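Colleague: These are the residues of each chain, in order.
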Amino acid sequence: AQSVTQPDIHITVSEGASLELRCNYSYGATPYLFWYVQSPGQGLQLLLKYFSGDTLVQGIKGFEAEFKRSQSSFNLRKPSVHWSDAAEYFCAVAPRGGGADGLTFGKGTHLIIQP
Amino acid sequence: NAGVTQTPKFQVLKTGQSMTLQCAQDMNHNSMYWYRQDPGMGLRLIYYSASEGTTDKGEVPNGYNVSRLNKREFSLRLESAAPSQTSVYFCASSEGTSLRNEQFFGPGTRLTVL
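Protein chains in written order, with my numbering: chain A, 1 to 115; chain B, 1 to 114.
Think of the hints as simulated: they come from the structure by calculation, not from any bench.
There's no promise every hint is true.
To list a few chain B residues with every Cβ distance to chain A over 12 angstroms, as calculated [as the list claims (entries may be wrong)]:
#1 Ser31
#2 Leu43
#3 Glu73
#4 Glu79
#5 Ser98
Calculated lysine-lysine pairs in the DSS-like style (CA-CA distance at most 25 angstroms, straight line) [to be verified]:
#6 B:Lys57 <-> B:Lys71
#7 B:Lys57 <-> B:Lys9
#8 B:Lys57 <-> A:Lys107
#9 A:Lys107 <-> B:Lys71
#10 B:Lys71 <-> B:Lys14
#11 A:Lys68 <-> A:Lys107
Among chain B residues calculated to face chain A with C-beta under 8 angstroms, some are [what the hints assert, rightly or not]:
#12 Gly40
#13 Met41
#14 Val113
Keep in mind it's a predicted model, so treat the numbers as computed, not measured.
Just so you know, even glycine gets a beta-carbon here, dropped at the ideal spot from N, CA and C.
Sequences and hints are given; from them, build the entire structure.
Modeller: Dropping the structure here:
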């Protein structure tokens, strides 16, 4: 069965510092890969997605993610975080070529921004 | 466009009571989904509807039923609520049946079962 691991439950970063959130997946074939952000009390918003092609993907709000097939990873990065980036971040996967049977989510990483 | 709307925002039930969570989207999307979110568990799929008139079980369907009332609306029913169903419930929709399509999420319903 496919699974998604986000090893860090909480991460604390100083405002202006760089950020990397880790995501590893376990699946037979490279799945579709997604990062979502959830602000407090809100629904989820898509940051970026990877289907194929260039392994460095640009998203909204200055985020990017790099797909590394050899490591089964899809890590999210931002060069300089802002206080408004404090939120819960979810990595998710979906089977390539699959139907509409939903995404498999990691357990999330809670990002705390220190002033 | 309102996107995906959910009602109610909050609900408290007693064990054994029933209720229906409502979800509607105004984006003319074909597929709709119900997820639950529990602390430390991420989101888990309860049911989904690939298109109007079809529904399928997800990862955690037990204790729930769904109805795809029309293309816009997808409701989730708890027939006999249990404390284990205390959770935040999210509805989502996507344009097509491929998981390449972005899923758009509603704001969630926070349900407590006493």
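Colleague: Now tell me, hint by hint, if it's right for this structure.
Modeller: To see whether the hints hold, each was checked on the structure:
1. Ser31: Violated, because the least Cβ-Cβ distance between B:Ser31 and chain A comes to about 4 angstroms, which does not exceed 12 angstroms.
2. Leu43: 4 angstroms, violated
3. Glu73: Label holds. Min Cβ-Cβ 17 angstroms, cutoff 12 angstroms.
4. Glu79: B:Glu79 clear of chain A: closest Cβ-Cβ about 22 angstroms, beyond 12 angstroms.
5. Ser98: 7 angstroms, violated
6. B:Lys57 <-> B:Lys71: Holds: B:Lys57 and B:Lys71 sit about 18 angstroms apart, inside 25 angstroms.
7. B:Lys57 <-> B:Lys9: 24 angstroms, holds
8. B:Lys57 <-> A:Lys107: 21 angstroms, holds
9. A:Lys107 <-> B:Lys71: 31 angstroms, violated
10. B:Lys71 <-> B:Lys14: 32 angstroms, violated
11. A:Lys68 <-> A:Lys107: Roughly 20 angstroms separates the two Cα atoms, so the pair holds.
12. Gly40: This interface hint holds because 6 angstroms falls under the 8 angstroms limit.
13. Met41: 6 angstroms, holds
14. Val113: Violated: closest Cβ of chain A sits about 20 angstroms from B:Val113, beyond 8 angstroms.
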